[in-house]
Each structure stands twice: as structure tokens, then as C-alpha cells.
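Construct the entire structure; sequences and hints are all you get.
Numbering-wise (this note's numbering), the sequence shown opens with residue 12 and increments by one.
Check before you lean on any hint, since a few could be wrong.
Computed beta-carbon distance windows for the label pairs [said to hold, decoys possible]:
(1) L105 to K138: 14 to 24 angstroms
(2) A103 to R56: 26 to 36 angstroms
(3) K57 to K121: 15 to 25 angstroms
(4) K61 to E110: 27 to 37 angstroms
Pairs of lysine-lysine residues, derived as DSSO-like cross-links and limited to a Cα-Cα distance of at most 30 angstroms, are as follows [stated by the list, open to error]:
(5) K112 to K184
(6) K112 to K57
(7) K51 to K75
(8) K138 to K184
(9) K160 to K57
(10) K147 to K184
(11) K61 to K112
(12) K121 to K160
(13) K147 to K115
(14) K51 to K112
(15) K23 to K160
(16) K160 to K49
(17) K23 to K57
(18) K25 to K160
(19) K25 to K49
(20) K112 to K160
(21) K147 to K57
(22) K112 to K147
(23) K51 to K160
(24) K115 to K85
(25) K184 to K115
Think of the hints as simulated: they come from the structure by calculation, not from any bench.
A quick note: this is a predicted structure, and the numbers were derived from the prediction, not measured.
The beta carbon of each residue, even a glycine, is placed where N, CA and C say it ideally should be.
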Amino acid sequence: MENKNDIIISPKTKVMQLIETWPQLEDVLIDYVPAFSKLKNPVLRKTVAKIATLQQAATIGNVKVEDLINRLRKEVGQDLLKETEHGGYNTARLWWVNEQKIYKEMDARKMLAAGEHPVTQVMADLKQLPAGMVYKLYAPFLPAPLIDKATSLSFEHWVNEISEAEFEVYFYKS
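Here it is in C-alpha cells:
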């Protein structure tokens, strides 16, 4: 574990690093972003918390990243963050979202309920996705790290929030 004095809480801080360094911040994070109560699930804690950043946590919780960072920094006595740019995710329906273009679908909810993590399967599926086609993912939370990974590989995405615990994420390969 790193020295607390060496870590400055930022949008790029991993959730796991945060709660390992300051265990008391887990409850603060959950209070501020209730969706992160799922961190109590050991499978999600081992997987999602290791790769999710605080910026992604803010997006999942639909809160401003600087507000979340400042709340956490205040708890541990760090200087407050100034206004930052928020990347966000595509939530406005895009031209390529078309049910007829769906090449493959996957329900991550079933895998997560079985204690499995779907990232490897989704990434393998995306690599097989033909150009001009769509991959549809069902998830019980906004899979921000997965979206970031797919975006880094030049996939476009659209997030359709059905409810607080139900998301459809569409990926498109141009």
C-alpha cells in the first residue's frame, strides 16, 4: 500500500486504491454514489473497484466529478479541486443505433450474478464485431471502465439508462 501522503485524490484515482488507502472513505463514496453499494459484493469489489476511476464513479452516480473529489478530499484534509472538464458518456441516441444492426447481444447481469466478470467476454465479442454492426450489452450499472476500454479501441458507444439498476450499452464498429 502506498503512503497516504503520496496520494492526491484525483479523477484518475482508482476506487480500490482510494478505499485501500482510506478505508473510511468507502462509506463516504457509497453515501455520495449509492450505486457503489455494490462494492460490498466481493466479486465486484475485486473487479470493478480495481479498474474504475473516481471520474467513472462520478459518471455512474450522475454527479459532478469535482463535487465527488472535493467531498473525498475534504474527509482526508486535502486541498479542494477546482472545476474540471467532465468527459461523460454518449447518452443521446446516435444515428447508428438500430435494432436491425445488432450483430450480438450479451446480458452481463447473468454473468455478474453467477460471480463472473464479463469484461473479457465483451472485449472478445467486440473484436469479432463486423464493421457497420452493433453490439448490445445489458448491465445492472453503468460499466464505465468497459466503455472506456472499448472507446480506446475506436468503438463508438451509446448508453441507454433504463433505470438506476438497468443499462443498455450499444457499441458500434465503423
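### Restraint check for K51 with K112, where alpha carbons must lie at most 30 angstroms apart
violated (37 angstroms)
### Query
Does the Cβ distance between A103 and R56 fall inside 26 to 36 angstroms?
Roughly 32 angstroms apart at Cβ, these two residues keep to the hinted range, so it holds.
### Query
Would the pair K112 and K57 pass a check requiring their Cα atoms to be no farther apart than 30 angstroms?
violated (34 angstroms)
### Query
Keeping to a limit of 30 angstroms between CA atoms, is the pair of K147 and K184 held or broken?
holds (12 angstroms)
#### Entry: Given pair status - K85, K115, alpha carbons within 30 angstroms
Violated. K115 to K85 sits at ~45 angstroms, over the 30 angstroms cutoff.
### Message
For a C-alpha distance cap of 30 angstroms, please report whether K112 and K147 respect it.
### Response
holds (10 angstroms)
### Query
Can the restraint linking K184 and K115 be considered satisfied, given a maximum Cα separation of 30 angstroms?
holds (12 angstroms)
### Task
Would you mind confirming whether the straight-line C-alpha gap from K147 to K57 stays at or under 30 angstroms?
Judged against 30 angstroms, a Cα distance of about 25 angstroms means the pair holds.
### Query
Taken at face value, is the distance from the CA of K184 to the CA of K138 at most 30 angstroms?
OK: K138 and K184 at ~9 angstroms, within 30 angstroms.
### Query
Keeping to a limit of 30 angstroms between CA atoms, is the pair of K147 and K115 held or broken?
holds (6 angstroms)
### Query
Taken at face value, is the distance from the CA of K160 to the CA of K51 at most 30 angstroms?
holds (24 angstroms)
### Pair hint K25 and K160, alpha-carbon separation not exceeding 30 angstroms
holds (15 angstroms)
When the structure is compared with the earlier hints, violations turn up for hints 6, 11, 14 and 24 and for no others.
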